[in-house]
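Chemist: In case you want the letters, here they are:
Protein chains: 4
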Amino acid sequence: MVSDKFFAIVAGVGPGTGRSVAIRFSEAYPVVLLARSPESYNNVVAEISKAGRKAIGITADATDESSITSAFETIKKELPDFKLAATIYNVRPNSRPSRKPFLELTLEDLDTSLNGNIRGLFNFAQSILPLLLGSVEHSPQPPTLIVTGATASIRGSAKWSVIAAGKSGQRILTQSLAREFGPLGVHVAHAVIDGGIDVPDATHYPRNDGTPDGRISPYAIAESYWYLHTQHKSAFTQELDLRPFIEHF
Amino acid sequence: MVSDKFFAIVAGVGPGTGRSVAIRFSEAYPVVLLARSPESYNNVVAEISKAGRKAIGITADATDESSITSAFETIKKELPDFKLAATIYNVRPNSRPSRKPFLELTLEDLDTSLNGNIRGLFNFAQSILPLLLGSVEHSPQPPTLIVTGATASIRGSAKWSVIAAGKSGQRILTQSLAREFGPLGVHVAHAVIDGGIDVPDATHYPRNDGTPDGRISPYAIAESYWYLHTQHKSAFTQELDLRPFIEHF
Amino acid sequence: MVSDKFFAIVAGVGPGTGRSVAIRFSEAYPVVLLARSPESYNNVVAEISKAGRKAIGITADATDESSITSAFETIKKELPDFKLAATIYNVRPNSRPSRKPFLELTLEDLDTSLNGNIRGLFNFAQSILPLLLGSVEHSPQPPTLIVTGATASIRGSAKWSVIAAGKSGQRILTQSLAREFGPLGVHVAHAVIDGGIDVPDATHYPRNDGTPDGRISPYAIAESYWYLHTQHKSAFTQELDLRPFIEHF
Amino acid sequence: MVSDKFFAIVAGVGPGTGRSVAIRFSEAYPVVLLARSPESYNNVVAEISKAGRKAIGITADATDESSITSAFETIKKELPDFKLAATIYNVRPNSRPSRKPFLELTLEDLDTSLNGNIRGLFNFAQSILPLLLGSVEHSPQPPTLIVTGATASIRGSAKWSVIAAGKSGQRILTQSLAREFGPLGVHVAHAVIDGGIDVPDATHYPRNDGTPDGRISPYAIAESYWYLHTQHKSAFTQELDLRPFIEHF
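Chains as they are written, first to last, in full-length UniProt numbering: chain A, 1 to 249; chain B, 1 to 249; chain C, 1 to 249; chain D, 1 to 249.
Keep in mind the hints are simulated off the structure, nothing from the lab. Among the hints, erroneous ones may be present.
If chains are identical, the list can't say which one is meant, so a pair holds when it fits in one copy or spans any two.
[Unchecked claim] In silico lysine-lysine, DSSO-like type, Cα no more than 30 Å apart, as pairs:
id	residue 1	residue 2
1	LYS76	LYS5
2	LYS54	LYS5
3	LYS5	LYS50
4	LYS159	LYS76
5	LYS100	LYS76
6	LYS100	LYS83
7	LYS100	LYS233
8	LYS159	LYS83
9	LYS159	LYS233
10	LYS100	LYS77
11	LYS159	LYS100
Fair warning: this is a prediction, and the values are worked out from it, not measured in the lab.
The task is simple: from the sequences and hints, build the whole structure.
Modeler: In structure tokens, the structure reads:
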């Protein structure tokens, strides 16, 4: 029996991009929200439920293989007949050193970046790609994996070394997955988010502050991700950039 | 008195991308179709009119300043109270030498590529950018210029020298316009079309032939262009790629 | 009879890069200096001759096919038994508009950039590539074509539109030639010169002024070009960047 | 008292690039060779010593902080009055999975790549950058750090995911270091080695086999590295590519 029921996963949910993406995809699918602590997803789950749509929050750490395995067991129990339609990898490293001179950084700072950006995506992709492959034939849209990148994904600016190492490795890993899984029918895309996100706590991106639309609306990111998910398989986008109209680049 | 009436221009209309884009944008705006000969746009104008929407065909050559000037005079007469919401530059050089050894090419071959890809866009952009700037305040979507690129826009493959010179110059010209006019509220985007277009006459791109969705659906390109046009100004895409899922890249 | 006598051509000689490159290559080969007027090369020819080495100045305009044809006839007369070992395309467009808002530019400004950067290189390459191919078997170093690029070759900054269109088209044309002629034994390389050149008249690049080595020494460029020329054919460089240590990039 | 004695370090020595680079730099400086086992450097140390030049082999693992610390203590003892002029990071991950479908890879495969390519460079750079900074004033050439990259540094090909993640992260980390330390006088460069190396054991790169110069001569790489080291500080190269003339790219 072929299931016509599909769900989506958003890994890395907080008050910004993750929340908006979860809300947007919940209009079409039940959504599973993954975050390292319930505080990160509880409000979003409540918000989606209140709107009469389905959301499930699961505490999980993408950088931990057993945590991911256990999360997927929970998913199987909660959504037994559902197949995976879309996944967004939006994990931000646990704590990230801001812009810092290289000689003041520690190996721990580097590992935080490599873990969240590369190892977490690796773990996560190993779990979800078989599920996406299993949805190719019947999914309403081409099964999709979208990864949230940043300016540092394509540029090693001075003093951004550890973040740049993690984000650029993540980007090229995503590109390799696109080349391997695209021909199998899975759409793997990468978005270079070039600018600050307009969330209350986003105080560490002071650029363009005070200008209307000087920061990226997380809803606008969510719209772009939804658009990527709905692209026809004869015209997949592998990468796009997103930045405020006033951003210097 | 502020006009709330907006129109779109598609420069470079034929049976492929231009036709699909014109049809897609005609759902929202009256569309002006530019081509070097009426045969290129007559059917598309008829198709749009038959669907009860408005389309105007104008014979013009983007590489010729006076031809462009005259086209915009016609537009002013035909759509006197309308403002420009969106423009797509989709012009293909008049005749393009296919893949050819460099020493067999002539300066004329090069000029054909530079004229259609760079000089035509330059002329066209000089005419439409003041109009788009004039629409920033009231346009339903951020006023938009979208340029159709190709694989050769980012890569100088062996024996594609003249096309690559023209397309890459066009791409970087577009990028410069994005950086100058973005902060003024105009969305300038470039699409790297990486694959053959699925039109009856596209016999010169034999790649992926016979595979369903092995060629790009021009409707899928039109959908992406429409999506670019509707992006919120806090999250403009400057460049995206579009390719069939099975394309090697 | 195989000639063991080789010469070099520097197209685009002035007081900066062209002069230094001509002097550096004259240590190994007789050099032909091309410029649009004798004032540009007379001093350099005198300087090289005074040092006991051979230099020939020829007035020519790379963007003019017949001028290039005539220059090569002169070369044949002056250096009848010599084969071509190396060529540097260092032509700067005749007059270049500095950084300028797009809507203040004219088609003439664009043509100046396209002519000097793309059409001139095209003409020149059509004349010298057959000569370089003819030198593959016996040249002391792999026959070489080096093209001088700039920051605008890889980036369309705001208000640099016409220069960026010309330089980026030139770069990708060079890349295409590298891919076509590399496997035939000709080394085609492109240098992205990212910074102001330290010549007396270079007053239009005020960046880093006053800092020792804040501008690029043209001798340093010449050394890099010579190095590119001497690379073993198992390890050709297609592109390198050159910038002052203090340059922001 | 200012030392006028300088030395070089090559991290990652085997029968290919590391050996050739060590030999080349030993012509100018005593060289320290680092490798995970003495078998990797013993022959090279003997070869350099036999030629009457100085080489010191030290067993060390760049991915292990304490191993690196201990190596630098040994260096201090062996070359007490010497300052660091140049360092090459040429470490290859301990064991690398060849081209492999993503779903057959393990987190261990990924970690091998991240450790050797990114974490090892991070550790190593933290130790050598203070030494290079200390040499800026008196070094005969600008103090230099060169990192050996690969095709995977700029491209995530299908089935090369873990190598591409490590190499691309390494490349952008290097770029960030170039931007931070260049203005302080340290030359940080990255070489994209695009092709197989011509060493007896390089059986896993069968491309171009049988063609003279179809594989990269490690001596040619060494010459390029030496050239990078000697560049004037008004014209640093941050990145160059190196590939056999017949390589498709």
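Chemist: Next, verify each hint and record whether it holds.
Modeler: Evaluated hints:
{"no.": "1", "hint": "LYS76 / LYS5", "in the structure": "within (13 Å within a copy, 52 Å between copies)"}
{"no.": "2", "hint": "LYS54 / LYS5", "in the structure": "within (13 Å within a copy, 41 Å between copies)"}
{"no.": "3", "hint": "LYS5 / LYS50", "in the structure": "within (21 Å within a copy, 39 Å between copies)"}
{"no.": "4", "hint": "LYS159 / LYS76", "in the structure": "between (43 Å within a copy, 29 Å between copies)"}
{"no.": "5", "hint": "LYS100 / LYS76", "in the structure": "between (42 Å within a copy, 29 Å between copies)"}
{"no.": "6", "hint": "LYS100 / LYS83", "in the structure": "between (43 Å within a copy, 27 Å between copies)"}
{"no.": "7", "hint": "LYS100 / LYS233", "in the structure": "between (42 Å within a copy, 25 Å between copies)"}
{"no.": "8", "hint": "LYS159 / LYS83", "in the structure": "between (43 Å within a copy, 25 Å between copies)"}
{"no.": "9", "hint": "LYS159 / LYS233", "in the structure": "between (40 Å within a copy, 21 Å between copies)"}
{"no.": "10", "hint": "LYS100 / LYS77", "in the structure": "neither (44 Å within a copy, 32 Å between copies)"}
{"no.": "11", "hint": "LYS159 / LYS100", "in the structure": "within (5 Å within a copy, 32 Å between copies)"}
Violated hints amount to a single one, hint 10; each of the other numbered hints is respected by the structure.
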